[in-house]
Amino acid sequence: MCCTHLNIWVKLRVLFWKTKQSITSSYDIFSCYAQTLQIEGAWRADGKGLSIWDKFAHTALKISQDENGDIACDSYNKIAEDINSLKTLRVNHYRFSISWPRIMPDGTTRKINEAGLNYYHRLVDALLAANIKPQVTLYHWDLPQALQDVGGWENDTIVDRFRDYADVVFNSLGDKVKFWITINEPYNVAMVGHGYGSAAPGISFRPGTAPYIVAHNLIKAHAEAWHVYNDKYRAKHGGIVGITINSDWAEPRNPYKQEDADAALRVVQFQIGWFAHPVFNGDYSDLMKNIIRERSLAAGRPQSRLPEFTPAEVARIKGTHDYFGFNHYTTVLAYNMDYKNLEHYDADRGAGTVADRTWLDSGSFWLKVTPMGFRKILNFIKEEYGDPPIYITENGVSERGPMNLNDVHRIHYYDNYINQALKAYLLDGVDIRGYAAWTLMDNLEWATGFDEKFGFFYVNRSDPSLPRIPKKSVWNYATIINCNGFISPGESPHESVAVVLLVYGIVKTSKKQKRPVKEHIDLEKKDKF
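Heads up: the sequence shown is residues 1 to 529, going by this note's numbering.
I should point out that these hints are in silico values taken from the structure, not numbers from a laboratory.
Incorrect hints may appear among the rest.
Said to hold, decoys possible - Derived BS3-like pairs: lysine-lysine, alpha-carbon spacing no greater than 25 Å straight-line:
hint, residue 1, residue 2
1, K318, K236
2, K289, K382
3, K289, K236
Source: prediction; values computed, not measured.
Produce the complete structure using the sequences and hints provided.
Pasting the structure below:
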């Protein structure tokens, strides 16, 4: 048996899940996640409508090297190949997102594209036939372009459109799917898509208002989808529904300066708290409300730029969660910064962020290897939001440049981040139900195209068949999943994993002895940067 038992999930991103009763659960759930635009391809196949990312990717200079998701990893036509990759990773669950415009080409119920629904039924049926259970994300950023043409997430009618879309999907797939995520990373939809403009739909000219309006509608749309499931499908299908929120952790740049400590708190509250406070508590935090109101009035506005929820909306939104879905990659150092009269999200939070030059780099400029922050933000969620069950739904690291299948930096990242999750669970009592690694295979990483590679599997894009080729991290991660924990350096995985991976020439057998669990985790209560 393996040492240091920890239940894990991968979310294209391979995850497994634990029971509440013990770390060594009586059953394990292993999963991966795939986003539609990033892997599916088939952008105009079988009646699919255009998405905002289709338009964005076909606009010059928006995507690195003018790449697009027209073909991506061609997963639309490679269900069998992707299931084989899942089997190599030893997973028994698979999380994927659904393309809204593939189901409803104009974003409304005026036309339900049965061919699009049939694709997802074929995928789900193939997964179930392989004893792999599906987990589904309803929205991962690919809004139907037809809805964007009438205002998109800034138009409050989007709340009803999203509710209708969720209803169609729940009704069609609900008897087969028991785990649902309504919206993935609403912060990126609101801020990156409608503030910075570096993601679809590429709006940046109203950074002081548009992100807050978009976020307001995202929160209400999530709540409506949750209520649709709760009212119409929960009793019949018995599934769970939640939202996935992403956030960095922030440390003060100078830990001896109170203003930097205050800035670090604002960075976290303006990111994770922006969405978690309404969903778990019913309204935005007083910190956000007070700061934005004061700055709005000081600029001569008659009211806050942050929209207000009505009492009825507060009641409708509060408690729309069956778990806390959480994506995390890195930590920043925060310091107080006065943006003067600028009306912008960054000016509202009043903080600048930098990285410590000693932190390891990745293939993404924003992602530094800072595992200790992972444990800290997990504890923050526990303390701030009433100790909810947490599913870590994304966590991973990228590389750039020529492909090297010996991706030891990824192995280092996962070993250290998973170890911090283990400490949060074992030592701090954080109710972690699963861990997800991003991602199964290299894919279209949004505006960076195919430059940044997060995958366990390399996709050879010079070969028209787009083969999935395992990297060394496949062995490392599959071993953690199969053994439900870490093994000693040099130790061989379980025989079943070794057989699969020896076929690829990734591992060699070893007869080294296992080490006791206490040698695998540092039992110190505190970690320092």
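Verification of the supplied hints:
no. : hint        : in the structure
1   : K318 x K236 : 23 Å, holds
2   : K289 x K382 : 22 Å, holds
3   : K289 x K236 : 39 Å, violated
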